[in-house]
Each structure stands twice: as C-alpha cells, then as structure tokens.
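Q: Residues per chain are reported as follows:
Number of protein chains: 2
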Amino acid sequence: MEAFNYYNPTRLIYGVDKQQEIGQILKGDGIDKVLMVYGRSSIKKSGLYDEILKVLDTQGVEVIEHGGVKSNPVLSHTRLGVDLAKAEQVQAILAVGGGSVVDESKAIAAGACMDEDVWNLFTGTKPNQALPLYAVLTLSATGSEMNSGGVVTNEETQEKFSFSSPYTYPKVSIVNPALTYSLPMDYLAYSAVDAITHVLEVYFTAEAMPLMKRRFIENIVLTIIETTERIMEQPTDYDSRAEFALATTWALNGLAAIGVKKYGFPNHMIEHSLSALYDVPHGAGLAIVLPAWMKWYSNNRPEVFLRFAEQIFGLNTADEGIDALEAWFRKIGAPTQLKEMSVEQYDIQEVASNALLTSRKWGMSDQYSQDVIEQVLRLA
Amino acid sequence: MEAFNYYNPTRLIYGVDKQQEIGQILKGDGIDKVLMVYGRSSIKKSGLYDEILKVLDTQGVEVIEHGGVKSNPVLSHTRLGVDLAKAEQVQAILAVGGGSVVDESKAIAAGACMDEDVWNLFTGTKPNQALPLYAVLTLSATGSEMNSGGVVTNEETQEKFSFSSPYTYPKVSIVNPALTYSLPMDYLAYSAVDAITHVLEVYFTAEAMPLMKRRFIENIVLTIIETTERIMEQPTDYDSRAEFALATTWALNGLAAIGVKKYGFPNHMIEHSLSALYDVPHGAGLAIVLPAWMKWYSNNRPEVFLRFAEQIFGLNTADEGIDALEAWFRKIGAPTQLKEMSVEQYDIQEVASNALLTSRKWGMSDQYSQDVIEQVLRLA
Numbered sequence: 001m002e003a004f005n006y007y008n009p010t011r012l013i014y015g016v017d018k019q020q021e022i023g024q025i026l027k028g029d030g031i032d033k034v035l036m037v038y039g040r041s042s043i044k045k046s047g048l049y050d051e052i053l054k055v056l057d058t059q060g061v062e063v064i065e066h067g068g069v070k071s072n073p074v075l076s077h078t079r080l081g082v083d084l085a086k087a088e089q090v091q092a093i094l095a096v097g098g099g100s101v102v103d104e105s106k107a108i109a110a111g112a113c114m115d116e117d118v119w120n121l122f123t124g125t126k127p128n129q130a131l132p133l134y135a136v137l138t139l140s141a142t143g144s145e146m147n148s149g150g151v152v153t154n155e156e157t158q159e160k161f162s163f164s165s166p167y168t169y170p171k172v173s174i175v176n177p178a179l180t181y182s183l184p185m186d187y188l189a190y191s192a193v194d195a196i197t198h199v200l201e202v203y204f205t206a207e208a209m210p211l212m213k214r215r216f217i218e219n220i221v222l223t224i225i226e227t228t229e230r231i232m233e234q235p236t237d238y239d240s241r242a243e244f245a246l247a248t249t250w251a252l253n254g255l256a257a258i259g260v261k262k263y264g265f266p267n268h269m270i271e272h273s274l275s276a277l278y279d280v281p282h283g284a285g286l287a288i289v290l291p292a293w294m295k296w297y298s299n300n301r302p303e304v305f306l307r308f309a310e311q312i313f314g315l316n317t318a319d320e321g322i323d324a325l326e327a328w329f330r331k332i333g334a335p336t337q338l339k340e341m342s343v344e345q346y347d348i349q350e351v352a353s354n355a356l357l358t359s360r361k362w363g364m365s366d367q368y369s370q371d372v373i374e375q376v377l378r379l380a
Numbered sequence: 001m002e003a004f005n006y007y008n009p010t011r012l013i014y015g016v017d018k019q020q021e022i023g024q025i026l027k028g029d030g031i032d033k034v035l036m037v038y039g040r041s042s043i044k045k046s047g048l049y050d051e052i053l054k055v056l057d058t059q060g061v062e063v064i065e066h067g068g069v070k071s072n073p074v075l076s077h078t079r080l081g082v083d084l085a086k087a088e089q090v091q092a093i094l095a096v097g098g099g100s101v102v103d104e105s106k107a108i109a110a111g112a113c114m115d116e117d118v119w120n121l122f123t124g125t126k127p128n129q130a131l132p133l134y135a136v137l138t139l140s141a142t143g144s145e146m147n148s149g150g151v152v153t154n155e156e157t158q159e160k161f162s163f164s165s166p167y168t169y170p171k172v173s174i175v176n177p178a179l180t181y182s183l184p185m186d187y188l189a190y191s192a193v194d195a196i197t198h199v200l201e202v203y204f205t206a207e208a209m210p211l212m213k214r215r216f217i218e219n220i221v222l223t224i225i226e227t228t229e230r231i232m233e234q235p236t237d238y239d240s241r242a243e244f245a246l247a248t249t250w251a252l253n254g255l256a257a258i259g260v261k262k263y264g265f266p267n268h269m270i271e272h273s274l275s276a277l278y279d280v281p282h283g284a285g286l287a288i289v290l291p292a293w294m295k296w297y298s299n300n301r302p303e304v305f306l307r308f309a310e311q312i313f314g315l316n317t318a319d320e321g322i323d324a325l326e327a328w329f330r331k332i333g334a335p336t337q338l339k340e341m342s343v344e345q346y347d348i349q350e351v352a353s354n355a356l357l358t359s360r361k362w363g364m365s366d367q368y369s370q371d372v373i374e375q376v377l378r379l380a
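Chains as they are written, first to last, in this note's numbering: chain A, 1 to 380; chain B, 1 to 380.
So that you can see chain A by itself, here it is in the shape it has in the complex (with noise of 0.2 Å):
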C-alpha cells in the first residue's frame, strides 16, 4: 500500500430540510456578511432562493449576490464574483447550487483573499488563505462538496483547468437529497456518469491498489447503477436520492484514492477540452470519452477490466464489461458518441490540441501525447 496523508475537515449533513439550518451555522461561526453564489434560475423557480434568503434574514446575515454561474463555470464570471467579495468586504461565501456553483465559489473563496488575479490559482500560484466556504447542494455529481479542488473554464484561452488547495475545503456542506427531485432525467445520467468515472479512473490506472480499495470502488460504482435505475423509475425516492448523493460524494472526497499507487484522470482531461471547446455538459463529454478510453486502454491491465466486467456486471470477459458500461450508459440517456454531442462541428485534432495543454499540467504528456489522445477520440 502506498504512503499517504489524508486530510478531509468538510462537515457533512445529510438530510430532509437540513439547508434550513445554513443561517444558524453562519451565525454561530460568526459571519454576519456572506457572498452567495449561485447559478441560474433553478434556485428561484424551486423556491430554495426565497427560502435561504428567508433563513439568514432570520438569523441577521446579509447577503450579497452572485448569481448566473454557468455549468461549466467561466473565469470572466469568477473574477466578477472575486471583486464584489472584495469591495463588500464579505466574511464568507455561500454556494448554493451543485457542483459548478461549489466550484467557482472555492476560486472566488482564495480569489478573494489573493492580490493576483484569480486566474493564477489554475496555473501554478498557492494560496495561503482562503474565505470560508459554505455550500448548499442541489445537484449531487461532482464531489465537490467535499472536497478541494475546483475547475473553472478562461473562456479567452479555452483552457479548463483545475486547481486545489488545503484552505479551500468547504467547511460545512448540506445535502438535502429531496432537493435533486426536480432535476432533469439527462442531468442525472451526467451526474452518474461524473461519479463513476471519478473512482473508475483510479481503478483502471493505479499502478497497484489494496483489494479492499478495489471493492471500496465497486461498491460506489454498483451503489451508482442500483440508484440511477430507481430513480429513474420513481424521481421522489428519497432512500435512492440520498444513497445516490452519499456514493456520489464517497466517489470524490478522496477516501477512493488513498493508499493506492500512482494513478491519472486522463478521461477528466480529454473531456474538459470537450466541454471547453463545446460547452458539452461534463458528463456527457464523460459518457462518451470513457468507454473509448476503456477500448483504447484496456490491454494494459487485463486482469482489472476483467475483474470489472465479472464484479459490476457478472461478465465473463473485459471486452463485454466495456461494453455492458457503454450499454448502460446509453440506457440512462447519456450520449457514448461524439457524433452525438449537439454541437454542429467539431473538431478531434483541436480537442487533442487543447487537451494536451491539461497533459502537459498534470506531468501525463509522456503517455498522452497529441496523437494518442486523437486516437482515444477516433474510438468515440
């Protein structure tokens, strides 16, 4: 098993009306002053808006706004969420909203407190600080809730990079599952998608991994299919919804990757060019990247995509359990091909382009140079 060192501070509360609680825990951290960031009109049409507005009046806590996140955040929208935690002085952000939301408001939360632009933090620079960070979870998929790391899009650039620092950890997250009845059948498949390839990029690539961590990631990925499945069939199922969100967050917050021996995300770094370039939700751009990769990747080791196909689909050869993945992900409504993607042209050797500049950012340039992430594409 390989060294680690496991560091996770994030409160978790899960459950019915929890969000109601958010004025309170502000309160007795002693924020009188929060920035909410949030994204479009979901929050307002549900009546969550009213509600937490409602709540922190009750308790005292002024509110600044910062609404219109996009779903895959843009950096021209963080740096004006920067400047306004800034000028209004705030103590704290507030994110409400799933896991694009968390993500600008961690950039804005060390933003705020750095005199560089924020853009920095995605390309080398290291925070010292950071504003507290709350969360509100609508949308269970990312992990980000409990996590550190955030990804935001330069629009100018189109580069999607990522970034993570020990300080930007939110320190509280409250997961309401009942608050994801009203989300869309294909947002669920994205965010099913999202989940699974999160853990399944550390069990395909890590290098040597504990067996108790192999099944650690298994049961996520099953626990993911049982419940996307139900959901589907019945939306207002809490007991799925919640178990849905928890394997979810389990997927990202680090507990799927500790003690095991080097691995990549390198479907996480061909789709980010995908959503980029073409805006693609990101597990759309996933759904179809992933079962390509698999195809292109699996030859290098057999005996885990095997163990995969007869632990997670009861299949007897790595080849049907890539494509049981595929089939499933077509069932839930996800698209597994790039000709599926609504865009009205693309184009493989630019997204290869742009995903080598996340390559070369993440020390995988050696095994994923231009032409072999044009290969994985042509696969999809």
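Hints listed in this document are in silico derivations from the structure and should not be mistaken for laboratory results. C-beta atoms are modelled at their ideal positions from N, C-alpha and C, and glycine is treated no differently. Hints are all accurate, no fakes.
A few chain B residues facing chain A, derived, Cβ under 8 Å:
{"id": "1", "residue": "Ala-3"}
{"id": "2", "residue": "Asn-5"}
{"id": "3", "residue": "Tyr-6"}
{"id": "4", "residue": "Tyr-7"}
{"id": "5", "residue": "Leu-12"}
{"id": "6", "residue": "Ile-13"}
{"id": "7", "residue": "Gly-15"}
{"id": "8", "residue": "Val-16"}
{"id": "9", "residue": "Pro-210"}
{"id": "10", "residue": "Arg-215"}
{"id": "11", "residue": "Gly-259"}
These stretches of chain A come out as covered by chain B in the derived footprint (C-beta under 8 Å, 3 or more residues):
{"id": "12", "region": "11 to 25"}
{"id": "13", "region": "216 to 228"}
{"id": "14", "region": "242 to 251"}
Heads up, simulated DSS-like pairs for lysine-lysine below, C-alpha to C-alpha not over 27 Å straight-line:
{"id": "15", "chain 1": "B", "residue 1": "Lys-27", "chain 2": "A", "residue 2": "Lys-171"}
{"id": "16", "chain 1": "B", "residue 1": "Lys-18", "chain 2": "A", "residue 2": "Lys-126"}
{"id": "17", "chain 1": "B", "residue 1": "Lys-171", "chain 2": "A", "residue 2": "Lys-126"}
{"id": "18", "chain 1": "B", "residue 1": "Lys-261", "chain 2": "A", "residue 2": "Lys-171"}
{"id": "19", "chain 1": "B", "residue 1": "Lys-262", "chain 2": "A", "residue 2": "Lys-18"}
{"id": "20", "chain 1": "A", "residue 1": "Lys-54", "chain 2": "A", "residue 2": "Lys-33"}
{"id": "21", "chain 1": "B", "residue 1": "Lys-18", "chain 2": "A", "residue 2": "Lys-261"}
{"id": "22", "chain 1": "A", "residue 1": "Lys-18", "chain 2": "B", "residue 2": "Lys-126"}
{"id": "23", "chain 1": "B", "residue 1": "Lys-171", "chain 2": "A", "residue 2": "Lys-171"}
{"id": "24", "chain 1": "B", "residue 1": "Lys-27", "chain 2": "A", "residue 2": "Lys-126"}
{"id": "25", "chain 1": "A", "residue 1": "Lys-18", "chain 2": "B", "residue 2": "Lys-261"}
{"id": "26", "chain 1": "A", "residue 1": "Lys-261", "chain 2": "B", "residue 2": "Lys-171"}
{"id": "27", "chain 1": "A", "residue 1": "Lys-18", "chain 2": "A", "residue 2": "Lys-70"}
Since chain A is already given, all that's left is putting chain B on it; use the hints.
A: Same frame as chain A, now just chain B:
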C-alpha cells in the same frame, strides 16, 4: 437513509517511517512542550521510544513523560496524566502506542483543560476544549486514531465507561504499519476481533441501512479476515499489515455508521464488564461475547444474518454464518467461551450487573436487562 452530520478533522498519515515526521509536525504547529503518553516496555524494546525522543529533541520539542498506560487504561493513571499536563503546562499530548494509549490520551487532553475531576467526562460533563492531541500508533485495532472517543476504567467503581467530544479527535495520527511486525499473534487476533465487532455491531443492530453501507461493512470484515490470515503466515508482509490497519481505522471513524438508522453496541456494552472485572484483553472478551450474542439475537434480523453468511463465508443459512465466524475466531487463536478466559473464576450475575450500568448509560436497558445479559453470557 437517516439524516447525519459527519465531521472528522483528523489528519491521517500512513507509511513506512512516517513516525519520524512527528517532530516537524509538532514544531510546525508551534508546539514546544508535549506530554508523551505511552504504555509499558514495548516501545522501549522496539527502539521507537528512542527514535521519537530523538526527532523531538532535534526539533527542540521538550518532552514530559507519562508512561505505564495499561491495556485497559485506568482512571488513577489518567488522573496522574492530567495532573502532570497541568503542572508542566504542556501545549499538547503525544500518544505513542495502541488504542489504550490513545484513549487515555484523549481523556488527559480534555482533562487538562477542566477544573473538575477527569472522571466527570465519563459521567456527563461535556468539555468545551482540549489540548491538541497527536498520535503515533503502534497497534491497529480500536480505530481510536481517527475518532473522538475514549474508554477508561474506574478501578474503584469497576466502571469501564466511554466519552467522546468534538475536541478530542487527534489532530494528526501517524500509522507506520511496519511498527506492528513484532505484535504477538494473540494480540493480532484480538485486534481483528475488535475491528470486526465494531462494524458488525452496526451491521446487525441497525434498524435500516442503505445497501452501499452494508457492502462497505462487508468489505471491512472480508479485508480483516483476509489480511489477518496473510499476516499470520508472514508477519512482515507490509501490504497486508497496511491494509489490515486501514480496515481497522475505517471500522470506527464514523464512515460505517453514517446514514444508518438507530443502532447499538451491545457486545461492547457486555464486554466492557468482562475487562473491567477480570482485566481480559478487550478483543478476547469480544470474541467470547459476539458469537453468543449473534446466536441470541439472530432471529431479530434473519435476512441480515443470512446475507452475512452468504457474503462473508459463502454459506446458505444464518446459523452456518455464525458458526463460521466463531470457528474463524478459534482458528486465529481467540477464545470463544467464557471458560477459556484466563481468570480463576467468574460470576455471570456480577458481569451482568456491571454491564447493566453501561446499558443504562447508553440508553439500552429496555432491551438489555440483567436477565437478558445473563442469557447472552450463558450462551458463551
């Protein structure tokens, strides 16, 4: 899924020779003077004692020693530790040892900040602060390195009671699995039994549990069984030691219990009386109590006991599963009958009366009366 509030800020550092980092870690946290709490002779024999003193000296951290913690830590020694911590005005507690040392250290860390007697922690006083606690673990079993609880026996009253507080999570716990190479095999067996019991108490008593959580627990039990057998064949198999250690940490760091509906710790409740009265090793006591309790209890959750038999041992009935666990305890050298305890005579009535104290304290006395506890013990 039940609502939950999960918070675990312990930094967990695993790896070969990681204990050598403790000096820098303390110094980095601004700590110049610690109370070093440890057990009897084993860390002196192994050289760990000298090694720790050396790295602390290199960093200029002054050490006040509090050795002699017993395997079932006792109140009188805990009080001495509190007095010493206060008199010497140490800034932190450094536990070097197994679960007993960490448990006593938690009580000292909180007791050093209290005006009242430290025993009050165990009878109802909620501390509002504690000295920061650091741990170098030498025996993986109790999970105390990543939770906030501690158990201490009051020798005068023969009460073995527990406490927990949000202030007594270790700030940093260092686990070098190689430090356990020299552990006697009977203590490895007791450790395995302890960790298995931690998760099975939840598994069997929970009124409801998501399937993901059930599989999570089964994974821990399977891992303990597999790695214990490998370690008994090859005590210096690092990977098995490390995987065993991580499974024991995960067994009681809160992960197994989140989202689970009402559960209890009846086996710990009963066993604490065996070790309070007869000073038997905790894991040995659990190996005696657990199979008996399973036989007494299995009709309450027939489907869970059947699943246990199938998933852990590949067997087809609940009774076979219980027998298989009992046989495995015997195989690894743990006692499974009261008469195997190395005490001259024991008194089931006295044990049950003592256990009733904990039963009442834990709010379990509706189900676990004197009579019921005696019934369970007679099955042992």
